[in-house]
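Peer 1: Each chain, letter by letter, is given below.
Number of protein chains: 2
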Amino acid sequence: MSRPQTEEQAVDSEGDSSLHRRDEEGTQSSHRMLGFSDALLSIIATVMILPVTHTEISPEQFDKSIQKLLATRIAVYLMTFLIVTVAWAAHTRLFQVVGKIDDTLALLNLACMMTITLLPYTFSLMVTFPDVPLGIFLFCVCVIAIGSVQALIVGYAFHFPHLLNLQIQCSTYRAQSRRHILRLVLRGPALCFVAAVFSLFFFPLSYVLMVTVIFLPHISKATTWCKDKLMGHRESPAHNVEPFSIDLHAPLSKERVEAFSDGVYAIVATLLILDICEDNVPDPKDVQEKFSGSLVAALGAYGPQFLAYFGSFATVGLLWFAHHSLFLHVRKATQTMGLLNILSLAFVGGLPLAYQQTSAFARQPRDELERVRVSCAIIFFASIFQFAIWTAALLHQTETLQPAVRFGGQEHAFMFAKLALYPCASLLAFAATCLLSRFSTAIFHLMQIAVPFAFLLLRLLVRLTLAALQVLWNLRPEHPQPGQGEPEAQSQLLPAPC
Amino acid sequence: MSRPQTEEQAVDSEGDSSLHRRDEEGTQSSHRMLGFSDALLSIIATVMILPVTHTEISPEQFDKSIQKLLATRIAVYLMTFLIVTVAWAAHTRLFQVVGKIDDTLALLNLACMMTITLLPYTFSLMVTFPDVPLGIFLFCVCVIAIGSVQALIVGYAFHFPHLLNLQIQCSTYRAQSRRHILRLVLRGPALCFVAAVFSLFFFPLSYVLMVTVIFLPHISKATTWCKDKLMGHRESPAHNVEPFSIDLHAPLSKERVEAFSDGVYAIVATLLILDICEDNVPDPKDVQEKFSGSLVAALGAYGPQFLAYFGSFATVGLLWFAHHSLFLHVRKATQTMGLLNILSLAFVGGLPLAYQQTSAFARQPRDELERVRVSCAIIFFASIFQFAIWTAALLHQTETLQPAVRFGGQEHAFMFAKLALYPCASLLAFAATCLLSRFSTAIFHLMQIAVPFAFLLLRLLVRLTLAALQVLWNLRPEHPQPGQGEPEAQSQLLPAPC
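Residue numbers (numbering that gives the first Met the number 0), protein chains in the order written: chain A, 0 to 497; chain B, 0 to 497.
Take the hints with a grain of salt, since some may be wrong.
The list treats identical chains as one, so a pair stands whether inside a single copy or across any two.
[As the list claims (entries may be wrong)] Here are the computed lysine to aspartate or glutamate pairs in the DMTMM-like style, where the Cα-Cα straight-line distance is at most 20 angstroms: (1) Lys63 x Glu369; (2) Lys226 x Asp101; (3) Lys63 x Asp282.
Keep in mind that the hints were calculated from the coordinates and are not lab data.
Take the sequences, apply the hints, and build the full model.
Peer 2: What follows is the structure in structure tokens.
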């Protein structure tokens, strides 16, 4: 949840000279409002996992209806996550154009946030009543409302141009930029308006239009990419440079990607403690009757839940740690990296499910194998998409990465090890449960305990491995640059990650 | 959730020259880790309101046991909020000393966070089993664990002094600072160790010691203040300047106060949508049976819940807006302001309770008067403490505030109106329910709808009021400075807020 404060600091340092302008125009740096919006959006995106984890499953009644309920809730979670990330990306674009805010814009932004919070409810309605067009109609109304508020924000900001970012403020193409950004903002709502009309008499088409709206940025990117490939380079680069710097293909703001990710990791890590506090405090009567008054014995019965909590918090924390380490070395986040990050976060949001699965071991030891495998799979996908962010960044490494982690950089091997640790560990655990299915729970817990120590000792381990490899491969002593031995070893060791 | 990025940017701009140092020492700017910690801590502090709001109350069974359960859960919420804010303040102090982090410190910080998340559980145990010493024993173990991890962080940072903040790094009193900060970090855990020992044979004393630990910073501040008053000025100011710049009386980092507050506001605003999505999706069978298949009619029954949700989100959002406006003009946050902010946030965390109360109207219209009053009271206290932050800041206005909002500043009257709006509105609504008790729900909803519009038109309203007052009071035209009429009017209008 970080935001550069340079703008505000600049205003502050102007001191009294800036006062008059402040009063006249009432402008403020937007960094805190954006941080708050990121926090809100990341929580809304993730919180719909709670109904999934609260689905009570016991082997006796694991029938069709429960399966359907679970599938329904997972669908709502995934759709919510997707649409909120799309809304977040649009919000990021919008406030790359609007550089400063005043009170009216802050209040309009709050109205926009409130409308976005209603989207999960429309999904719940849609999934519970797939044959009734009301859900999709309400969804369309929400999207139209969001679009209208965003169009108001654009209109207001272009009416008071000192609120725009400096590049557009000084641009000669300002009117063109305005048309362009309004088209971007209103494209989705216009489609939704059509969908709302169709929902009244032929709603299956509305669903198709809704899917189009959700995937619009990616469809638009794909078509542009295809066009570029077909027609050679971009048709009019000279025309493109200034007015379209706000388009959908510009890299996302790295700070906002970090802030949104931090919000997701923080809420996922803390959702677990809520379950612990609500469900795992024994009932005084039970303690008296079942455990003859011994609270310690009663708590002992919850042992597996606590173990699962520790494991789960450690997993979320360490995935955040890997993400944090990676983004320390990232210069800017391309669209592909943003998409991979969102996929990774969607699986991170599923980790409370993995926790629920492992903590249910105590109750249903029969199907623990399935549960361990689901947990391993969720961890694997969350971490492999993190790894994919790095490989995507390496493809354009001069633009996207700091020199230290590029091919041949001093931190390259270390970063590789950091990001490869969880995919390898979860894959190993998954494979081990296939071979030693009787010890699957023990294997899973062993993994959860071993990985944090591996992270602590990672630097040492990487150095040892590299040194061992250096000895084994018997490197030529032709370029004995002091302190530069490692990168050499790395570039030989890692010709192409992935 | 904001953090200045200047340090990191400085490192980045050094480019390749900073690489070697980076590799050698592996240091990183700590801003993102602190933002993540703030998010985690604010969520943990607030999330314990959920068990309170999930307490099912119906007038038929509102007996002693339900009352006791509700009181228990409110007590857990308040204790958790208090202890987490104490832990947060200690964490802020610690990372004012430790300026940069490396991987080991980031992992130690995660361990510290994990231990803090267990504190709510120990409170739940304590409150559910007040006669069993296990809860307090576990609490003490947690605090000792947190203290040990923090001592490790201090030890590690002083062992690698490049991790310390520059002021201490260059100080000649470094060893003394280390002793001092270690004493601060280990003071609480030492008391808890004694409490843990006592919990084994005479646990009431443990509770007394626990309360001491929680209020330690404030007790310590009060004693220092009394000592200062009794002995005149501080005894050795020359000695105090450098090594004790890390002590408990220095102002808190404004950025971290903002980040923590943003986290609380964001989680409170979004807790509500979870209830809406989980509880207010009608059951397909019910729709078929009770509403003869009409989903619109079924949703109509949830109308009051949605109205309450809108009102509640608007209240949280606008309180955040007032907080945001205030802190835009704050230069640094003193300890008193920090304490008032935390009190305000504790009531903001209670807003979902107010929501639950108002959304229960539909079900139990009998005791709606009580519920409207509880809601008004929570909103009043949340907003009056915000107002108190401002008055506390005005007492030391040259240090704490930007010139624009000081007495006579151009934004003074406007800020006064912004912060006074909610206390006045909630007080007015409360008074109105006393006079017109039959229309209490209508009055409450009217307030929730009117206040956002008041915020939108506030600048206009304040100007109109000031102009009217200027005409009424018939100001002397001796100092007709153009554009300076307002501050004059303000200074006459507002001799001393509060």
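Peer 1: For each hint, tell me whether it holds in the structure or not.
Peer 2: The hints, checked one at a time:
For the homomeric pair Lys63 and Glu369, the shortest alpha-carbon distance inside one copy (18 angstroms) is at most 20 angstroms, but the shortest distance between copies (45 angstroms) is not. For the identical chains of this complex, Lys226 and Asp101 are neighbours neither inside a copy (40 angstroms) nor across copies (45 angstroms), given an alpha-carbon limit of 20 angstroms. Proximity of Lys63 to Asp282 under the C-alpha cut-off of 20 angstroms is restricted to the inter-copy arrangement: shortest distance 17 angstroms between copies versus 32 angstroms within a copy.
The structure shown violates just one earlier hint, number 2.
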